Amino acid sequence: MVSKLQAPLTVAAYKSDVHNDWCPGCGDFGILQAVQQCCAELALPPWETMVFAGIGCSGKVFNYMSTHGVHTLHGRVLPFAVGAKLANPDLEVVAVGGDGDGYGIGAGHFVHAGRRNVDMAYIVMTNEVYGLTKGQAAPTLGRGQQTKSLPQPNTNDAIQPLALALSSGYTWIGRSYAFDGKHLKEMIKKAIDHKGMALLDVLQPCPTFNDIHTAEWFNKKVKGPGENVMLPRIFNINEAGHDGSVKDPTNFDEVADKQRKAFEMAYYYGDRAPVGLFYEIKLPTYVERMQAQAPLLKKYAPARVPYEDASHLPTTDLSKSYEEFLF
Amino acid sequence: MKVVNEVNWMIGGPQGTGVDSSANLFSQACATAGLWIFGKREYHSNIKGKHSYFQVRVSDKPIHSHVDDVHILATFEDSTARLHAHEVVKGGALIYDPTKIMLDDLDLKSGIITLPIDFNTTLRHVAEVTGEEYGKLAIIKNTIAVSASMALLRMDISLMEETLTRIYTGKKAKFVGLNMAAVKKAYEAVDALPDELHAQFPYHLEPKKNTPKRLLINGAQANSLGKLKAGCRYQSYYPISPATDESNYLESHPEYGIAVVQCEDEIAAIDMALGAATTGVRASTATSGPGFCLMAEGLGWGGMNEVPIVLFDYQRGGPSTGLPTRHEQGDLMFAAFGGHGEYPRLVMAPSTIDDHFHLAFESFNYADKFQTPVIILNDKFLTHSLETIPPFKEDHLVIDRGRLATPQELETAIADGKGFPRFRPDAKTVVSPRPYPGQEGSPYWMTGDEHDDYGHITENPETRMKMHEKRMSKYKLMLEQIPEDRQFSLHGDPNADITLVCWGTTYGVLEDALPVLKEKGIKANFLHLRMLVPFPIATEKILKKAKKLVIVENNFGTQLGHLIRMATGIFISSQVVKYTGRPMSLDEIVSSVEKLSKKEIKPEMDPLTGQSIEKVVLTYGL
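If you're matching them up, the sequences are chains U and V in order. Under my numbering, think of the first position of the first sequence as 1, with each following residue one higher. Under my numbering, think of the first position of the second sequence as 1, with each following residue one higher.
Hints are computed from structural coordinates only; laboratory data are not their basis. None of the values given here were measured: they were computed from a predicted structure. Treat the hints with care, since some could be wrong.
In silico BS3-like links for lysine-lysine, alpha-carbon gap of 27 angstroms or less [stated by the list, open to error]:
{"#": "1", "chain 1": "V", "residue 1": "K418", "chain 2": "U", "residue 2": "K15"}
{"#": "2", "chain 1": "V", "residue 1": "K50", "chain 2": "V", "residue 2": "K2"}
{"#": "3", "chain 1": "V", "residue 1": "K418", "chain 2": "U", "residue 2": "K320"}
{"#": "4", "chain 1": "U", "residue 1": "K320", "chain 2": "V", "residue 2": "K213"}
{"#": "5", "chain 1": "V", "residue 1": "K520", "chain 2": "V", "residue 2": "K598"}
{"#": "6", "chain 1": "U", "residue 1": "K320", "chain 2": "V", "residue 2": "K172"}
{"#": "7", "chain 1": "V", "residue 1": "K90", "chain 2": "V", "residue 2": "K100"}
{"#": "8", "chain 1": "U", "residue 1": "K320", "chain 2": "V", "residue 2": "K393"}
{"#": "9", "chain 1": "V", "residue 1": "K418", "chain 2": "U", "residue 2": "K4"}
{"#": "10", "chain 1": "U", "residue 1": "K320", "chain 2": "V", "residue 2": "K174"}
{"#": "11", "chain 1": "V", "residue 1": "K428", "chain 2": "V", "residue 2": "K418"}
{"#": "12", "chain 1": "U", "residue 1": "K4", "chain 2": "U", "residue 2": "K189"}
{"#": "13", "chain 1": "V", "residue 1": "K136", "chain 2": "V", "residue 2": "K100"}
{"#": "14", "chain 1": "V", "residue 1": "K171", "chain 2": "U", "residue 2": "K320"}
{"#": "15", "chain 1": "U", "residue 1": "K320", "chain 2": "V", "residue 2": "K520"}
So that you can see chain V by itself, here it is in the shape it has in the complex (with noise of 0.2 angstroms):
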């Protein structure tokens, strides 16, 4: 049976040889094909050495998600192959070097189709032709088994050129000559499989022709470009896993005009940015777990003064150190009340790589026009995840800086000679005007102390009450003038039998598993929560409407459950959760709802409320 676009390769390796080039490779050449990526990367926190291995999964229409089963495996070393080969599936393929590995020692399913590829020979072979240093030649390994791959998949070798010109330019196009040898080499390996072989093997990519343009991109690219799109021009950081690829990019771009300044902590580098906010620039930083503890003072300083800043929390595994270079939903319990004291702050997470440009270009709004933090809470998954996307729906972007000071307002300050009453409340916008220094008229103080209308320190009871009162109502601008289509939504038949509850970036998997569910007599819907403090209260009536609810959370105690249970009184006891530090797979959600809608899960105890829960807790994946 000819399986055309849907396949799942994996290729591994340890860091430092060139595992991540290789799926660019592979991602590149897919999308030059013209057909949907999604590449899931995984890897230690380490420089060199250590097991790190990408899967791809390919396919003719849009995907957002992972599977387990793989379908190619592509190794060049002993380790991949002993760790991986167990996942890939009877029909499937082995990409091996048989200097290196006996497939005796390995746990092969049978009805594998197994290409041996002794790397060095080839290389040894390149090194002849092209003239190259053979010494030189280590990283083409990868070039090698990504072409054995393209070739057992029987994708046109002319599609590998196509893709080498465009990764190999200027300077470097020297190397597609050299990596071109390579491609063949690697196509006269699979040629040399018999032909009764090789028609065995059930999967085909065939390119499209004429697709309309797609970007294939990773989260954190996304959301710099959404933050640049957005105005902002000012952002500081200290160096962690994974969120540092942002202030990276940030800082490779420099014709926008973005400082971007790497500080001694995360402590200087939200002051700073609060610092900066003050001057009227959109400013931000980017941070995960660690760094984002350090910060909790600052954020109390800009809820205190008002001071529209945007913090990007790549999340990752916890607490402490924990995960570095892995993925959780961690930091929601976190983000909603890390603090002393009470002051207000919009939460929010994005769905999808899409997303991650569209809230990061909104973030800044809600800021401006909330005069407060905004936590996004990124997360490890999506950041390092590529994918192909349509381009950026950028027709309805419109920039919106909030209650600024009006030259009127400015005149009326400078005739009294008291300062800028930047902290007076409007009584119709609740927020304040704003002035930025520069403009004559515009002084006015801050301070992290009770203050007045003015900024002035006091503890005056009376007006404690009104300034509190005042950012703490907030909350209710922000559920009443972000629309609900930007704080939640919902997917699938209203009257489905299951309500999934997820947010953040599960989004993805939940959207591919709910047609996969519908074949399998499973009628099954689920609302995802993009804005998350304040808690989005519309929710309530499709949570209380929904027959069975499910939460679906990367984390052990279901944070969100917590919140919602908070908001509305609404316990869900019916729990999917993941806490392995990897991202939860198609075959993962699907094959746990089966089993919550077959009633196979054995109630217990829930640790954290006392309560009786049927939790599915996953564990797939190395």
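Next comes chain U alone, as it looks inside the complex (with noise of 0.2 angstroms):
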């Protein structure tokens, strides 16, 4: 079990003192104070809670983090993070990491964490560009569209990743926008208290290479039904009316409809940007599968399975297991 400070640190203990190199405006600034603020509200303990991170731009929200930070390899922030928290379930482990990270170099990892269902919060952060390379295009960026950086217009198609996550099985899919302070805390805090895998994929714009989609563009109205509607980019679809949450998982019935509805809404995007609670589901954690069939993992985890005593002499007795060998 993730424990809880008795005493909650402030939202500055969760700062380290590494200076932030991040372009000015950018997006991630919004995400690590969203992170930092969301641990201070759950309490978690520094020393228990370990922030992975991939490679680029995101990927330094590992160093300015007071817990231990994780900054892995360009596309393997799951399995690094996946590995820690099943070797030690009692640690809060977020992963943090960029379109082109997880998407791109990183999709197959994020299809099969999906099917694994750990408990863990997964948090990506898209702008469709790859910046710390100097803006080439991201998955998510649509085919034909040409970022500041790009030589010729975007020869491939976007991949839609709510999508994606709701086909590979992540059991809770949410996606909130950098610089809507309030909702992207509630959000993060929803995608680290659920039990299981999280999603929650982050409209952010990069100011120095994503010239299409930015700050300016998000807070645009756009034209509604009707004459002289107009409505914001950004709406929030739970406010709208969709109720992602599946409440009986063993009802197929309900389980599909939502299912659906969770992917009619990932393809929304288009003049809209849709926010929200896509999709929700309790089913059972990876570590508690890996606990029915191995009990003993119930009363310990990996990393804590006694093996040596005081005297550091091995404590693991294979008598029965050679018994099959003997004669």
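Since each chain sits alone in its own frame, please combine them into the complex, following the hints.
Encoded structure:
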């Protein structure tokens, strides 16, 4: 069980003293701050919290936290984070990365993390470009779009990460916007609190390389149905009536219905950008599945199974296993 | 001439027809009889239908290698007889099905006893006496072939019953009666041979009474047990031959509380193990060549972040998918140099099946002591070879987790409020104190980028030098702190005329070859390198002193030969190599050393070095 602090710490206590070198106006600031606020509100002990990050601008999050921070490899944040969580489920593990990192080079890991339903939150900073390598197209950039540093318009179609998460088995799927601090913080908190694999896709402008989907673009009103009806670009699907929470995971009809609706919502992204909770279901976590197969793991996390005594002699008794081989 | 307790038995057949089960039955019967065995398995990358065979050598003293001459070839269909009949020695025996094959079609030497068994008719008889459905009995053919062999070898039928009773327990106990019906028919078939003919068959097995207990075990099992003993409680893997057997074994033993996770690929397998290791669990992964290649990225991260992790590479024939189910010592260079940039790694290879247990155990201590990736080079040969060995010695085993953070250091980190100085070099131990997440005061940062004492990214040239030097100096620690007898060993007369140099699993065949060579008047010894990276430089004095060096490796280019040349400047131009995907037999080693000592090998140019070499290329075995 992940423990909580008796005396909660301030948000500042979750900040490291490392100088932040993101570009001014970067959406990453909003996400970092929301993560730190959530840690404080959830009273997470920094020494029992591990923030795993991918590679790229988003990856630097690891260094700005005062928790354990692990900067992994490009696209590999999920395997690292999953390994840590399975080895010691008592730790709070949060994974953070970019869209190129998670949906591009890490797409294989992204899919299989859904199948496992490990109890952790994965926050993806979606800005449609590879920032740190100077603005190439990320897998979320639409075909034909030409952001500032692309020599030619993008030749690939965009993937729809929420739909991919849905078909991969993520049990909590949400989206937020980097500059809506309040909504973002609430969504991160829910993603962390969810017992299972949660994907929070966070839309964010890249002020340096994405000159199409800028903060101004996100803030602009779009034409609605009927004469002179203008609507905000970003809209909360839950406020608009979408309920993605499965009440009875054993009810096939309900599950299928909620999945269908979440899928439709995921593809809503066009003129308007939907945010909110798309889908949620309670299923056994990977640790629970492991414990069912190896009951000793109910008693001990793998990292806590005793195997030596006080004088460092190994205590694992193999005699039962030897029987099969002894003649 | 009667030959007691020295026999080489072979069984073969299409994959999926129970060749392995029959070899297990034969081996277990021999082990039950108190005899020593060494069994070698050969099979295709195929599920059903292709040819596989298993040879079991039996002796009344411990043996660690296979031989070429076959004394009994047991077959129950036509292909095995066709493919292997020529290997049966004069005076040996062939068990065959006369309804499937004509003896005239086989390449048989003269003076071989041929024992015809009509397997289908025998099965029909078994069906009749047991009331079992005939169609379900095909697998019993193996029992018949094994039993006929045992009858030829004059083993008492009660031994078969004892062995079958041990194999079929619980719900499967009903199979004992079924199999025994087949055993009796097989013994009757041998009884039906003319007495004078059976009397000519020189090979006898005689049970040994009151022998001490032994393990009948293969390399993958020995390796797994060593890992469990060491406290390894996390393993991630991606299915690949021949490494999967280890993960399967571990996953079949949930009672030890080990988390075994099948991943989406080998990239995830190594990265998950690294992530797990950061929490303090003893973590590892097991793979083979193609998967090992995918792990190069993760290993570099482990080296940079000083993560204790053990990678078991079960070598198979390469490059690429190569020979997926065959043997090769082809990954040494990749283990030594794979990956970009420089980081310390410890590369070792077990010598025997017993050593699989011990090295697997030690490897986790080394990973913790030096806080860096350890690569263990296993191989297909011993992974799937069966051997009787004395029980593993456990009394001397001690767990060493290396330099862990002390309560005092954690207190200081809390007071400083800057995080834990996880990477600050320790003047005495070089490696730094390691806290586990969960300990108050533990937070620090990890990154594949160059970093400072706390793990914060830096590109400062001085810090870079300090950190890089600290990491690379672990090679010196390894040389100093790993006992010399764990690094290498010299066997036989130190003043021999020929010194054979080897690594990994060629140990067994060389150990068995020394007395044979001695009988032939050849004074040879052998130097076995167990540690490969860093190079055990203390071997230099042995190499320099040797009168004639011969390198023995299961690869084309003598990869250890190159490491030796790099470290010492010594180029070993006499080479015994094999790259057919099959391990070296005792006969092959003996004859190749004979040829080299008689200077029968013509020099040729080595394409890898341009040097003149005398090279014996071994080819035996299907």
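Going through the hints against the structure:
1. For a cut-off of 27 angstroms, the pair hint linking K418 of chain V to K15 of chain U stands: about 11 angstroms separates their Cα positions.
2. With a C-alpha separation of about 36 angstroms, the suggested pairing of K50 of chain V with K2 of chain V is violated against the 27 angstroms cut-off.
3. The suggested pairing of K418 of chain V with K320 of chain U is violated, with an alpha-carbon distance near 48 angstroms, which exceeds 27 angstroms.
4. For the hint pairing K320 of chain U with K213 of chain V, the CA-to-CA distance comes to about 15 angstroms; that is within 27 angstroms, so the pair holds.
5. Restraint check for K520 of chain V and K598 of chain V: the C-alpha separation of about 12 angstroms stays at or below 27 angstroms, so the hint holds.
6. Using a Cα cut-off of 27 angstroms, the hinted pair K320 of chain U and K172 of chain V holds, with the two alpha carbons roughly 20 angstroms apart.
7. With a CA separation close to 23 angstroms, the supplied pair K90 of chain V and K100 of chain V stays within the 27 angstroms bound.
8. Restraint check: the Cα-Cα separation between K320 of chain U and K393 of chain V comes to about 16 angstroms, which is no more than 27 angstroms; the hinted pair holds.
9. Between K418 of chain V and K4 of chain U the CA atoms are separated by roughly 22 angstroms; this keeps the pair inside 27 angstroms, and the hint holds.
10. Only pairs whose Cα atoms come within 27 angstroms are accepted, and K320 of chain U paired with K174 of chain V is accepted, the gap being roughly 24 angstroms.
11. About 23 angstroms separates the Cα atoms of K428 of chain V and K418 of chain V, which keeps this hinted pair within 27 angstroms; it holds.
12. About 14 angstroms separates the Cα atoms of K4 of chain U and K189 of chain U, which keeps this hinted pair within 27 angstroms; it holds.
13. For a cut-off of 27 angstroms, the pair hint linking K136 of chain V to K100 of chain V stands: about 20 angstroms separates their Cα positions.
14. For the proposed pair K171 of chain V and K320 of chain U, the alpha carbon gap of about 20 angstroms is at most 27 angstroms, so the pair holds.
15. Taking the CA atoms of K320 of chain U and K520 of chain V, the gap is near 45 angstroms; set against the 27 angstroms cutoff, the hint is violated.
Hints 2, 3, 15 from the list above are not met by this structure, while the remaining hints are.
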